[in-house]
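Undergrad: For chain A, the structure is supplied; the task is to place chain B on it using the hints.
Respectively, the protein sequence lines represent chains A and B.
So for the first sequence, UniProt numbering puts the first residue at 1; every next one is plus one.
So for the second sequence, UniProt numbering puts the first residue at 1; every next one is plus one.
It is worth saying that the hints were derived from the structure and are not from the lab.
Chain B is faced by these chain A residues, among others (derived, beta-carbon under 8 angstroms):
no. : residue
1   : Glu54
2   : Asn133
3   : Gly136
4   : Pro138
5   : Leu145
6   : Phe489
Cβ atoms here follow ideal geometry from the backbone N, Cα and C, with glycine treated the same way.
Number of protein chains: 2
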Amino acid sequence: MESDFEVSLVSPRNYFLFTPLLPGLTTGTLNDRTIVTSIRHLIKKVKPQISYYEASCTSIDPEAQQVECQDISGIQGSVSKFKLPYDYLVMAVGSQPATFGTPGVRQYAHFLKTVEDAQAIRSKIIDCFESANIPGQPDSEKKRLLSFVVVGGGPTGCEFAGELHDLIEKDVRKYYAHLLPYVSVHLVQSQDKVLNTFDKKISEFVEKKFSRDHITLHTDSRVKEVKPNELVVYEKKNGSDITLPFGLCVWSTGIEPIPLVKQVRDSLKDKGQTNTRALVVDDNLQVKGAKNIFAIGDCSTIERKHLKEHLGEMFQQADVDGNGELSWKEFHHFLDTVSKKYPQLEVYNGRVLEIFKEMDVDKSGSLSHEEFKHLLEKADSEVTVLPSTAQVASQQGQYLATLLNTLAKDPKADISATPFRYHHRGSFASIGGSEAVGEVPGMLEGGGFQVWLMWRGIYLSKQFSITNKVLLSFDWVRTTLFGRDVSRF
Amino acid sequence: MESDFEVSLVSPRNYFLFTPLLPGLTTGTLNDRTIVTSIRHLIKKVKPQISYYEASCTSIDPEAQQVECQDISGIQGSVSKFKLPYDYLVMAVGSQPATFGTPGVRQYAHFLKTVEDAQAIRSKIIDCFESANIPGQPDSEKKRLLSFVVVGGGPTGCEFAGELHDLIEKDVRKYYAHLLPYVSVHLVQSQDKVLNTFDKKISEFVEKKFSRDHITLHTDSRVKEVKPNELVVYEKKNGSDITLPFGLCVWSTGIEPIPLVKQVRDSLKDKGQTNTRALVVDDNLQVKGAKNIFAIGDCSTIERKHLKEHLGEMFQQADVDGNGELSWKEFHHFLDTVSKKYPQLEVYNGRVLEIFKEMDVDKSGSLSHEEFKHLLEKADSEVTVLPSTAQVASQQGQYLATLLNTLAKDPKADISATPFRYHHRGSFASIGGSEAVGEVPGMLEGGGFQVWLMWRGIYLSKQFSITNKVLLSFDWVRTTLFGRDVSRF
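Next comes chain A alone, as it looks inside the complex (with noise of 0.2 angstroms):
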C-alpha cells in the first residue's frame, strides 16, 4: 500500500503511560508494567511503519518546519542530537505538574505524574511506616510520620487518598497492626468541595466517604509552603494559618507548560499567543500563528470564537426574510446549519424549542436583535476550556487523523467546516473501599459499588493491548486475593 504519510514519532518516554490508573501504582495495587506499553509495541501493527526516535524535541523551528531534538538518556551514541523536517507537525506532549509558586513543592513534596512518581511514593509510604517502628521512637514523631498529606482534591489527589485508605484498611492492619492508631491522611483543597469537576451530589458523596474513612478534608484552605515536615496551611474560613506534620505530602494541584511548550508560545506571543497554561489552537487544533503545527492534549487549549463578535453577519445570516426578528422557523433553520461552525451553539441541538422560550423574554413569538444577542452571550460564557483528561486527547488524536488524511488528499481543503468537537462521554473517580464516583450525561451520577464495576470494566475495555488487559485483570484478582506487597525499592 502506498502510503500518503512518513510518520516520525519523537519521545523522551518509550513507553504510553495509561495515567488515569496511575494512582493504583502508589500502593501496589497494580504492577508498574501494567499500566504502560512500549511504543515499540504500540507502532509494530501500524502500517505504513512510523518511525520511532527515543528523544526530547529541544526546539521547533516553524519558519524551517524543523524540530531539534536531542537523546537524553543515559547511554548516549557519538550522535546524540538530531533535526527532523516536517510538513505537519503534532505537539502532544503533556504538561508537567504546576506548584503555583508555593515554596518547598519541589523539595519535600511528590508529584504523582509519572510511573517513577508512583514508584517513590511506593516506597516512601512503606518507609514512613518502618521509620515509626524504629525502637525509641517518640510517640509524637510516630504521628508525624504516618500523617499522610494530600494537597489537591481533583481526580488524581481522591483517588490516591482512597488507594492509601485501601492500604491502610487492607495491608497496614495486618503488618503494622501496632502503628495504626497514629496514622492520619490529609486531603487540602483550594476550593469548597473536592471534585469540583463533578456534580456537587458527587463531590458530598466522596466527602461523605472519606468522613466515614477518617480522611480528615481541610476545604477552602491554600498550601503556602511545605517544609522539611510540615505544611503551612491557609485557612480561607478563619484567615489564619495552621501547620500540618506530614511523612509523605504528595502534591496534585494542577498542571503548567512543559519548557518546550513555553518556548513555542513565546516565540508566537506577538501571533495571539498569550495564553499562560497552553498552546492556544483554533477549531481544527492549529496552533495559532504557527503553519501546519497541531498541538492536542493537555499541551493546548482550543480558542473558541466569541459569537457576540459575529452577532451582525450571524443576526443577517438567519433572518432570512430580513424583517429584523427571527420567527421559530428562522431560528431553528439557523441553529441547524450554522451550529456546524459555532460549536459552542450545539449544545442548544437538543432543546431548541425551549432555548427559543428562554430567550423570547417579553413573549413575542420571536427574537429580537437584542434577545438574539443575549442568547449569543450566554452560549459564549457557558463555554469553558476542556479538562486536562486522556478522553479529551484522545478524541483530538482521533479528530486530528481524520483532519490530516482529508489534507493529505486535498492540502486546500477546507477545513473549518469541520471544527474539532468534544463529545464528554462521563467521568469516573475510584475513592477506596471498593467504591468508585461517576457522571455519564444522560446516564448515572452517583457513587458506590456498582459505580466502582462500571469504572473497572471501562478502564479495562480502555487498555490499549491484549496483554494490558491480561496484566490489569490479573493484579485485580492478585490484590484481592493476596494484598499488596510492602518491599520497597
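TA: Here is chain B on its own, set in the frame of chain A:
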C-alpha cells in the same frame, strides 16, 4: 505458647530477594515483585512474634553483646539510631560484588546483585538500542552501543548472557530488527572455562551452546581496566591486551565482605580472624574469637580443623587394640563414630572399603601410622570452601535453628558433637533458549530442555510464599505468550 526466644531481625532491605532468579529481571522475563517477599509477610506467621527493624547494623560490640543500628533510608524520624543487646547474634549480612581493584568497574560497569542493579540493567539494555537508533548514528557507534559485555563466567554471568540471548532472539528481533546486524554479546572469563565449579562436561555443553548463539567467549582473559566505553582485557594465551568496546558492561566476578564484616574481622584479628574473604566460623558456625556470635551465608567461611594436627589422638582413638596398626574393623568403626565430629571424613563413609584399600599402599591388610597420616592429609586437601550459594546459606540457617533450640534448652550442651554438614543437593544454571545445565550428585549431569524444565520446577518449589509461586508461574506464561516489555523507566 511460652517461647524460649525473643527474636529481633535487623535489615536495611525490608524484603527477601530470591537471588538465583535475579538474571530473569534484567530482560523482563520476570517482574521485580515476583522474586521478592517482604520480611513483614515472612514473619507474620511465625510464632513467637519476631520484631523487625528496617535499619543497617553499623557496629557490633562483642564485649557488651550489643549491636548498633541506624535507619539509613530516605525518610527518618527524630530517632534514627538505636542499640540492641543480644544473647546470641546471628550475622547473615551477605556480601558485596568484588572488583579485585580493577579500575573503572564501579563507574562504568553494572553489578548484578540487587533488584536495583537488575532494573538498571534492564533499562540500559533498551537504552542501547534506542541510542543506536538515533538518526545519523554511525555504523561503528551502533556496533559499540550494541556490544554487550559480561565479565565473569559463573552461574550469574552465564545466566545473564542466556537471558540477553533470549531477549535478542525473541524481542529485539520483533522490535529492533533493523539493528540486529550490529548486536554482539561477549563473555569474559579469567579461567579457562565457564562454570568452573561444575563438571567439565557441563562447561563444554554451555560453551557449545554459547557458540551456537553467537555469544563470544573470551576465556583465560583478565579485565585490566573498565573505561567509559570499552574494556581493556589481558589475554593470557597471547600475553597481550585487547580492547572490547561496549554499550553495556555487566560485572559479575565474585564477592567480597561488606564493611561491617571487615570491621568485625579487624576487631578480632588477633583472635584468628585472618581470612580476607569472610568471617571464619567453626563447625558450629560460631565466629572464631567472639562469644555467642554466629555467621551464616556469604559472609562466613567454615574453618575446618586440620585433621593432620589431630593425628596423634585420632590414631590412638582408632587403634583400639593398641597394636600400632589399624585393622579393617578398627578403621571401619573409627570412621563410623568419628566422622560426625570431622565432617571432612564424611565423604568416605559410603566407600570405606575402597578408601581403606587405596590407603593401604603396602597391601598389609592394615593401615600403618604413616598410611593413616596420608589419609588425613588427603582429606585436608580435598576440603574446599563452601560455595557462596543460597543452598549453603539455607542449610546453615536450618542448622542454626536446631542448634539454638538445643542451646536454649541447655546452654551448656556439647554442640561440638553436631557440626554443620553441607549436603550438596545439586546446582543448576539456565543458559537461554529453554535450556539449562545441572548436576545432581548421583542423579544428573548434563544440559538441555529437560534440565531446564527441572530447573523451573525446582525454583518454583523453592519459592517461600504462595504469592511468589503464583507470580512466578504467571510471569513465565506471560513472557511466553506476550514477550518482554521494552518500556524503560
